[in-house]
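Q: Sequence:
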Amino acid sequence: MRLLLLFCLTLLSACASPAPAYFDATRHNITLQGIRFAVFHDGNSAEVIRLGYLSRRERDFVPTLMVEAAEKTTGCRAIPNSLRTRIPGDTGEGRVTLDCY
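493 is the number of the first residue of the sequence shown in our numbering; add one for each residue after it.
Calculated from the structure, these hints are not laboratory results.
A quick note: this is a predicted structure, and the numbers were derived from the prediction, not measured.
Among the hints, a few may not be true.
As the list claims (entries may be wrong) - Pairwise CB distance ranges (calculated):
no. : residue 1 : residue 2 : range
1   : C592      : Y545      : 27 to 35 angstroms
2   : Y593      : R549      : 37 to 45 angstroms
3   : S547      : C592      : 30 to 38 angstroms
4   : D591      : E550      : 23 to 31 angstroms
5   : G567      : S547      : 27 to 35 angstroms
6   : D552      : P512      : 26 to 34 angstroms
Glycine included, every Cβ here is placed at the ideal spot set by N, Cα and C.
Using the sequences provided together with the hints, build the complete structure.
A: Right, dumping it as structure tokens:
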């Protein structure tokens, strides 16, 4: 039973589904400093989803990497301080406003 639970958690941690607003967005995958991200780019915004598990201590620098992932995959510049998460302090998902011109 424990093995099945571990398998299911591993499988789910590898999946990334965007928010409904990003269903038609272009998906990019990138790995930065050993952390995998899925970036969904749509116009002047991007949703960034961290893939995989990190301990609480390992999450401190993830917001900076999320912004970098959005910039590198979209070719756009992130608007400073525009990263927002649905849950304050969440490093699993964030949205970034981009300047693509």
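Q: Give a verdict on every hint.
A: Results for each hint:
1. Here the CB-CB span from C592 to Y545 is close to 32 angstroms, well matched to the stated 27 to 35 angstroms.
2. Taken as a hint, the range 37 to 45 angstroms holds for the pair Y593 and R549, whose Cβ atoms sit roughly 39 angstroms apart.
3. A hinted range of 30 to 38 angstroms holds for the C-beta pair S547 and C592, which are about 35 angstroms apart.
4. Distance hint for D591 and E550: a CB-CB separation of about 30 angstroms, consistent with the stated range 23 to 31 angstroms.
5. For G567 and S547, the hinted distance range of 27 to 35 angstroms is satisfied, since their beta carbons lie about 32 angstroms from each other.
6. About 30 angstroms separates the C-beta atoms of D552 and P512, a value consistent with the hinted range of 26 to 34 angstroms.
Figure legend: structure checked against the earlier numbered hints; every hint is met.
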